[in-house]
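Peer 1: Here is how the chains run, residue by residue.
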Amino acid sequence: MSDAETTRGAAVLLDEDERLDLPQFAQACGTTIAYVEEMILEGMLVPGGERPGIVFGAAEITRVRRALRLQRDFDASLPSVAVMLDLLDEIERLRMQLWRAGAETG
Amino acid sequence: MQFKDYYSALGVAPDASADDIKRARRKLARKYHPDLSKEPNAAERMKEINEAYEVLGDAGKRAAYDKLRAGGFRQGEDFRPPPGWDEGFEFSGGADGAGGEFSDFFEALFGGLRRHAGARGQRPGFTARGDDHHASMRIDLEDAFMGARRQITVQAPEWDENGRVRLRERVLDVAIPKGIRAGQLLRLPGQGQPPPGGGPPGDLYLEVHFRPHPLYRLDGADLYLDLPVTPWEAALGAAVRVPTPAGPVEMQIPAGSDNGRRLRLRGRGLPASSPGDLYVVLRVVLPDATNPKARQIYETMARDLAFDPRKDLEKQT
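As given, the protein sequences belong to chains A and B, one line each in that order. The working numbering puts the first residue of the first sequence at 1, with every later residue one more than the last. The working numbering puts the first residue of the second sequence at 107, with every later residue one more than the last.
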């Protein structure tokens, strides 16, 4: 357990402009193409581009990963996860407003 | 490695029914889910809960684990799995997609099976590349401002020649690019999981989070700073020194500023092709009236200033 070695990792920053195609995107999210397609059907993900050349922004990876965690940990259906994601977005937006107003959000 | 008491992790009795276990896990998930919870150790706790449920929620794994536990092991005790401990029990696979997420204890007991499950369950449409892994990384504002190198330790399960699993720690030396923002992802090609059958490893994604900063709040590339000012600085205007991540600058407070006024220092936020701004929020602080001189000045103001901050309230009634 203690034979740690140091690897120098070349890190690539995925910025807002980074676009991934469907297979790349699904792999990066740690899920299947079918799951991503289901999320699109539920309106939880809006891909850019037209089929078959649809692309996804790197920022959406975090969103899909969050959906996967919620679904796994609550045995929740995708539509209910969609509602959870919307509510979480709303909370985040409100927290941001509090922040800007300088209130403690502790 | 240390023995883990999965029953105490879920807060259930060893004779709890399958339904009790499910209920306990749901309840704890609502409290500790890292996407919902503000508990400081939520992610860590959720991992324990999921690991415990992975075992206790599966009849086969639970039976094998119960036999081990009946041997008298207690939480945190030094532990090696006795040879043949799982004989006669039937369970399949490790946790789905949990590579590296669970403890070495879990991996030693149940991880060995994932290799076979993984090899069979190859996802269609993919080459034999290993899974991509995700981890989060907490950095300081200064790291994003200047760019930095940080070391991060990742754990990944590894199979030895006997097919046994253990967690191997790797230290990655990561260059944090200048101007990185909260929630952005860093991809480290080839630093994910190698596939069970051998082949090119997947990538590792690091999600960037910022530790809270004692002075600045972050909003994308913009920074917010609360600046305490005196009533006379706010009323009469003043030149003040303001800290910025790049060092203090002089700023002019316009006369007649109110509490909460926001002043913008353009381009003093996080660096980027169009750098963020630093917003300075004025916080007027009153001197207390405990010493006689201050008291006298307040009394003079009360007498000489025709100031009624509530006059609009009066009009309404």
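These are calculated hints, taken from the structure and not from any lab test. Please read all numbers here as calculations on a predicted model, not as lab measurements. Positions of the beta carbon are idealized from the N, C-alpha and C atoms, including for glycine. Treat each hint with caution, since some may be false.
A few chain B residues facing chain A, derived, Cβ under 10 Å [claimed, not checked]: (1) N147; (2) E150; (3) R235; (4) H239; (5) V280; (6) P283; (7) P295; (8) G296.
Below, simulated EDC-like cross-link-like pairs (lysine to aspartate or glutamate); rule was C-alpha separation at most 16 Å, straight line [claimed, not checked]: (9) K137/B x E154/B; (10) K284/B x D332/B; (11) K144/B x D15/A; (12) K128/B x E150/B; (13) K153/B x E183/B; (14) K153/B x D141/B; (15) K284/B x E248/B; (16) K128/B x E50/A; (17) K133/B x E154/B; (18) K133/B x D75/A; (19) K284/B x D15/A; (20) K284/B x E339/B.
Peer 1: Each hint: holds or not?
Peer 2: Checked hints:
1. A cut of 10 Å between beta carbons decides the hint on N147/B: the least distance to chain A is about 16 Å, and the hint is violated.
2. Interface restraint check for E150/B: the shortest CB-CB distance to chain A comes to about 14 Å, outside 10 Å, so the restraint is violated.
3. At its closest, the beta carbon of R235/B sits 8 Å from a beta carbon of chain A; the interface hint therefore holds under the 10 Å criterion.
4. Hint status for H239/B relative to chain A: holds, with the closest Cβ pair at about 8 Å, below 10 Å.
5. The interface hint given for V280/B holds, since its Cβ lies 5 Å from the closest Cβ of chain A, which is under the 10 Å cut-off.
6. Checking P283/B against chain A: minimum C-beta separation of about 5 Å stays under 10 Å; hint holds.
7. With a least beta-carbon distance of about 7 Å to chain A, the hint placing P295/B at the interface is held under the 10 Å criterion.
8. This hint holds: G296/B has a C-beta 8 Å from the nearest C-beta of chain A, less than the 10 Å allowed.
9. Proximity of K137/B to E154/B is assessed by CA-CA distance (about 13 Å); at most 16 Å being required, the pair is judged to hold.
10. Straight-line distance between C-alpha atoms of K284/B and D332/B comes to about 24 Å, which puts the hinted pair past the 16 Å bound.
11. For the suggested pair K144/B and D15/A, the alpha carbons sit about 27 Å apart, so the restraint of at most 16 Å is broken.
12. Between K128/B and E150/B, the direct Cα distance comes to roughly 19 Å. Violation of the 16 Å bound is thereby established for this hinted pair.
13. Among the hinted pairs, K153/B with E183/B is inconsistent with the structure: their alpha-carbon atoms are about 20 Å apart, more than 16 Å.
14. Taken as a hint, the K153/B and D141/B pair is honoured in the structure, with Cα atoms around 13 Å apart against an allowance of 16 Å.
15. Only pairs whose Cα atoms come within 16 Å are accepted, and K284/B paired with E248/B is accepted, the gap being roughly 9 Å.
16. Among the hinted pairs, K128/B with E50/A is inconsistent with the structure: their alpha-carbon atoms are about 43 Å apart, more than 16 Å.
17. Under the criterion of a C-alpha separation no larger than 16 Å, the hint pairing K133/B with E154/B is consistent with the structure, at around 14 Å.
18. For the given pair, K133/B sits about 12 Å from D75/A by alpha-carbon distance, which is consistent with the 16 Å threshold.
19. Straight-line distance between C-alpha atoms of K284/B and D15/A comes to about 12 Å, which keeps the hinted pair within the 16 Å bound.
20. For the hint pairing K284/B with E339/B, the CA-to-CA distance comes to about 35 Å; that exceeds 16 Å, so the pair is violated.
When the structure is compared with the earlier hints, violations turn up for hints 1, 2, 10, 11, 12, 13, 16, 20 and for no others.
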